[in-house]
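> The lines below spell out each chain.
2 protein chains.
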Amino acid sequence: MRCVYVNGEYVPAGEATLPALDAGVLFGRGVFETFRARQGSVYRLDEHLRRLRAGAETLSIAPPAALAELPAIVRELARRCELDDARVRLTLTAGAEGGAPSLLIQAKPATDYPPPMYERGASAVVASVRRNETSPLARTKTLNFMDNVLAREAARSAGADEAILLNGRGLVADGSAFNVFVVRDGHVRTPMVEDGALPGVTRGAVLELASEAGIAVEETTVTPSDLGGAEEAFLTNAIAGVMPLVSVDGAKLGDGRPGPLTRRLRELYERDATD
Amino acid sequence: MRCVYVNGEYVPAGEATLPALDAGVLFGRGVFETFRARQGSVYRLDEHLRRLRAGAETLSIAPPAALAELPAIVRELARRCELDDARVRLTLTAGAEGGAPSLLIQAKPATDYPPPMYERGASAVVASVRRNETSPLARTKTLNFMDNVLAREAARSAGADEAILLNGRGLVADGSAFNVFVVRDGHVRTPMVEDGALPGVTRGAVLELASEAGIAVEETTVTPSDLGGAEEAFLTNAIAGVMPLVSVDGAKLGDGRPGPLTRRLRELYERDATD
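From first to last, the protein sequence lines are chains A and B.
Be aware that the first sequence starts at 75, since it is given in the working numbering, and climbs by one per residue.
Be aware that the second sequence starts at 75, since it is given in the working numbering, and climbs by one per residue.
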């Protein structure tokens, strides 16, 4: 099936190619977005596009005109590949010297996070690698992603679902593939972008929805002891939405089960995202 | 001219392609080496290969059998492209899921560092981004290279030749494309790998050659004031060899001209490298 779009063509995954001398390959000069398309439609696609364009600017990549047709391309991929619920990844590379940027879009079934995982909740370990909050790449979803991938692989080897990265000053920054939220004294807190959190689209949605629902929520400094002593905690990304986090480094958070504020925010998010 | 080798074929630069879904593209799961081939022959090629293999292991990439033929491939590229003095870049990517790694080798004229630059010496600025010495990628030459590229571009915009990166603890770690050496009280010092220095092949050669020549040399902690107060300083990489560094952030080092120990080490290096 032709489930990959590359520079205007729909091709089978195995046939999609890029120029080998693309700066995206040689130096990581490229950005990406991952989002979920339900019935061909993407929640807050404009915000994914805004972040993509900001990242492209950081890396001096001229965004291609085809981005304007992104909703139609995503619908077409979902149709061709018969995906009611798709995990879509968009990758924009700088191109070879003197050449044009490349736009690559892949669609797969969104099966990464099965329903029972929301009931039991996810486990995490704190990674040995730090998030480098002094780098503009910390605020940008770029192809320089191996620190996250290696941290996640190490977490999986240790039997956990996710890795949590501290920043250079020892504060909680982010997950490898998720943003992190903690609840203390009934207040919801998430690390600031300045502390190394990727400005996640789902993170932004949860901040908004919580605030609208009258739940106290704050982007702030989060220390490892704020995390370890949390009543409840959760992770967010565009594929999973709101995922309960129930243990860190083998120690339970709260009673070790998804908490009530987490459940409420997950409901609010799912309602909004599938509206 | 067919100056690019990709997975067993010699092709023109514009025709070299890689699978778009290569993990080297999508996540930066790949390593590279850059070296100089004079008359088709590479100084300390075995050490470049050793570092490449160590990096491949860090990223769980199985090194392809073709690496054993690297000397012949480099000679063939130099012959085909009529390059007496070539800048060669080897890139090894992890490949697409279920696919094989890709080996890409490019050759160009080694014209980056013209002779007058060694006479006047290079200038550097200290970058705002830090080198993340907590990451295994700091010790590995990977495709996650944009922090270095952006730091160097910012240095060039500021009128300097190179960017110097401090680590998370504020110690001198490395240049963006060079290792850094300083001379104080007649002693030659270079930052430790533990402090975020890439273990450069030319760095290793200079450490050896200096030691053999009875010059006091040490891998150690280097502070910004060690750098600012240096009698002389120099940069090393496999293309430039030993490049004098004569100013940092607009302030002269020593008398602002290439120093005697730098000149001596450059001679020792050039003699050894062109033997």
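It is possible that part of the hints are untrue.
No copy labels: a pair is met if it fits in one copy or bridges any two.
To be verified - SDA-like, lysine to any residue: derived pairs with alpha carbons at most 20 angstroms apart:
id	residue 1	residue 2
1	182	328
2	182	172
3	182	210
4	182	112
5	182	347
Since the hints were made in silico from the structure, they are not lab data.
> Now, for every hint given, state plainly whether the structure supports it.
Each hint, compared with the structure:
For the identical chains of this complex, residue 182 and residue 328 are neighbours neither inside a copy (35 angstroms) nor across copies (60 angstroms), given an alpha-carbon limit of 20 angstroms. When the C-alpha separation of residue 182 and residue 172 is checked against a cutoff of 20 angstroms, the pair qualifies only between copies, where the shortest distance is 16 angstroms, while the shortest distance within a copy is 32 angstroms. In this homomeric assembly, residue 182 and residue 210 never come within 20 angstroms of each other (Cα to Cα): the closest approach is 30 angstroms inside a single copy and 31 angstroms across copies. In this assembly of identical chains, residue 182 and residue 112 lie within 20 angstroms of each other by CA distance solely inside one copy; the values are 12 angstroms within and 48 angstroms between copies.
Proximity of residue 182 and residue 347 under a CA criterion of 20 angstroms is satisfied intra-copy only: 19 angstroms inside one chain copy versus 51 angstroms between copies.
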